[in-house]
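Colleague: Start from the sequences, fold in the hints, and give me the full structure.
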Amino acid sequence: MSTANVAMQVGRTTRRAVLGGLSACVVAPGAMAGPAAWEGVPAVAALLAGVEPRRDGLALQLPALTEDGSSVNVTVVAESPMTADDHIATLHLFAPRNPSPEVAAFHLAPGLGRAEISTRIRLNESQTVIAVARTNKGEVRLAAREVTVTTTGCLVPSDQTTAGVMQEPRVRVGPSLPAEVRTIIDHPMETGLRQDSAGRPVPERIVREVIATAGETILLRAELFRSVAANPYLRFFVDGQAPVELQVTWVEDTGARVSATVQVPAA
Amino acid sequence: MSTIVHAIDRRGALSLLAGGAALGVGRPSLGQGAAGRVIVVGGGFGGATAARYIRRLDPAVEVTLIEPAERFYTCPFSNLYLGGLRDFESLGHGFDALRRAGVSVVHATAEDVDTAGRTVRLSTGDTLPYDRLVLSPGIDIRWGALEGYDEAAAEKAPHAWKAGSQTKLLRAQLEAMEDGGLFVLVAPANPFRCPPGPYERISMVAHYLKTNKPHSKILVLDAKDQFSKQGLFTDAWAALYGDMIEWVGLSQDGKVVRVDADAREVETEFGNKHKAAVLNVVPPQQAGLIAERAGVTDDSGWVPVVPATFASAKVEHVYVVGDATIAAPMPKSGFCANTQAKVVAAAVVADLAGRAPPAPVWVNTCYSLIAPDYGISVAGVYRVMDGKIAEVEGSGGVSPREADAAFRKREADYGAGWYAAISADTWGA
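First to last, the protein sequences are chains A and B.
Take my numbering: the final residue in the first sequence is number 313, and no numbers are missing along the way.
Take my numbering: the final residue in the second sequence is number 1831, and no numbers are missing along the way.
Derived by calculation from the structure, the hints in this document are not laboratory data.
All the given hints hold, so there is nothing to weed out.
Calculated lysine to any residue pairs in the SDA-like style (CA-CA distance at most 25 Å, straight line):
1) B:Lys1612 - B:Lys1677
2) B:Lys1564 - A:Thr197
3) B:Lys1612 - B:Asp1775
4) B:Lys1790 - B:Ala1758
5) B:Lys1677 - A:Val219
6) B:Lys1675 - A:Val308
7) B:Lys1716 - A:Leu108
8) B:Lys1716 - A:Ser172
9) B:Lys1790 - A:Thr197
10) B:Lys1675 - A:Ser305
Here are some, though not all, of the chain B residues that point toward chain A, as calculated from beta-carbon distances under 8 Å:
11) Asn1592
12) Pro1593
13) Asp1627
14) Ser1653
15) Asp1655
16) Glu1671
17) Phe1672
18) Gly1673
19) Asp1700
20) Asp1701
21) Ser1702
22) Trp1704
23) Ile1728
24) Ala1730
25) Pro1731
Far from chain A, some chain B residues (derived; all Cβ distances over 10 Å):
26) Ala1471
27) Arg1523
28) Leu1524
29) Glu1577
30) Met1579
31) Ala1761
These numbers were taken from a predicted model, which means no experiment stands behind them.
Just so it is clear, CB atoms sit at the ideal spot from N, CA and C, and this is done for glycine as well.
Modeller: Next comes the structure, spelled out in structure tokens:
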């Protein structure tokens, strides 16, 4: 089943219920044999900078089994009041066994109302996906989740490519509060690691940033790397304390950018 | 095309299975019955094959098959019934040949398994003991995983992903639909039973509509951006059915997040609503519920197995075959269930006799029919490599993208021949 469906359903329950429900997905520290999953992952070690992360208050939701590593739903949820004094400031996602372990980094503002982000990622092989959260006070949390990636003989991937220009993104705002925002754009997210049918290397070309703003305020800035799936997708929340005009801007590594604007109603 | 190659490999695989058991190291202690008691749950491609082949490999083993239906109706070729190319009864298979082979067939539902006490409790109230248990539970629907889609909704917007009354309901709705109506099929994310199934169904519905209601349209809303044999299907759709079929993938807002079965309306994740004259929802799935009762499923809702034997990776003395298992790169197909069941039969017989199991080889072909004279296929041979199931390089492949009408016709014929042959192999002639 699809993770995003679950995410949608939990989106309407309380944050406590969400975390309670998701806690089963978090690999407990004691459950891991040998060294912790993130040891030996330089990007994670650099981010932790010697700090022992908390293993609670952060949940990482992925399917335990996927037959298509080219697009895997992932949701990261952190327990946080998301106030100016106490909020999650950054969320990082890592796929340590991908050619590029860093998947995405999300910079969150309190106005999101909920520290919950979903996206779709590439997984080269079975591995333990890692999420790291940092609060505005510098507290660090970590969650890890094992994912089995298989391919099936009935799935022969097509060599499809997307048009060369940045397309108009889609944005949708859900009816309840905090308002669920979903956005997607057509884009190949070329990794620079594959060859075309003639054997020529296809140059890297990715969407590197997605920025959601309300007036002058940046609510969310997402840095995307090449382990984000083609046709990148984001789902996040806006608190709805006041009505805002939300602008979502997608920025390609070429510097090209496109925006879409939606209204987020207040409570 | 690989059909011939694969036919040879199949024979090779079978002879390997038959001749593989050799070194006896003495039987372990068993319950009553000299060679042991095996219960097989599920009378589909996996279960019926396992029951027959255990008896064939060792007639001293007592085999009991638990299957509620007196006739088993197959999902494979049920799309041809929807397209008007087969009658429903041609999909049904009885169990007389299994009885003749010495299998004790009990028409009941297996409600629970006590894997510590090694017993299966039936809907009849009986509790049966086993030395080895083979589960071939197929799939169950994850009711409610797709908002608005529960058992009541399925009576209005059928899934028809288990052959039977659901299949007949969908056919009746197609027959009642007015010319010019919109048929909507909602396709799930992976993994699910029969990866090419939704697209064969679309093809067969298109054939029915083109013949009977040519002004009608078909919309496929898909939670994936890619699907099995995609290029072959889309080429054929364009050639045979013109603009009748529209396919919308995940990144084009094809993912359905809500179903209103009363209104026959679905809503996608970016808020588009589509109203159907006939709404066919292929919903998220999981291993058949008895697998969960037996404790063999994992977090994913599917069953991890030991690749070489299809023994449960979690519970002793239990083997699992078919769609319920995590067997990728083998797809969830009837052919795979059949070939896995032969491996399990050999492994169970060896296990009961205290011998090592033979090295397995599996084969699969998925035929899909796009029009009465237009068939395509994907085939593969699988072995255990580095402790995992892997496709033997160069063993299979898909039908060529460029092929003439005679080639497509031959593949349609091969498909019909495959169905007759595998049905005979599974349930007996």
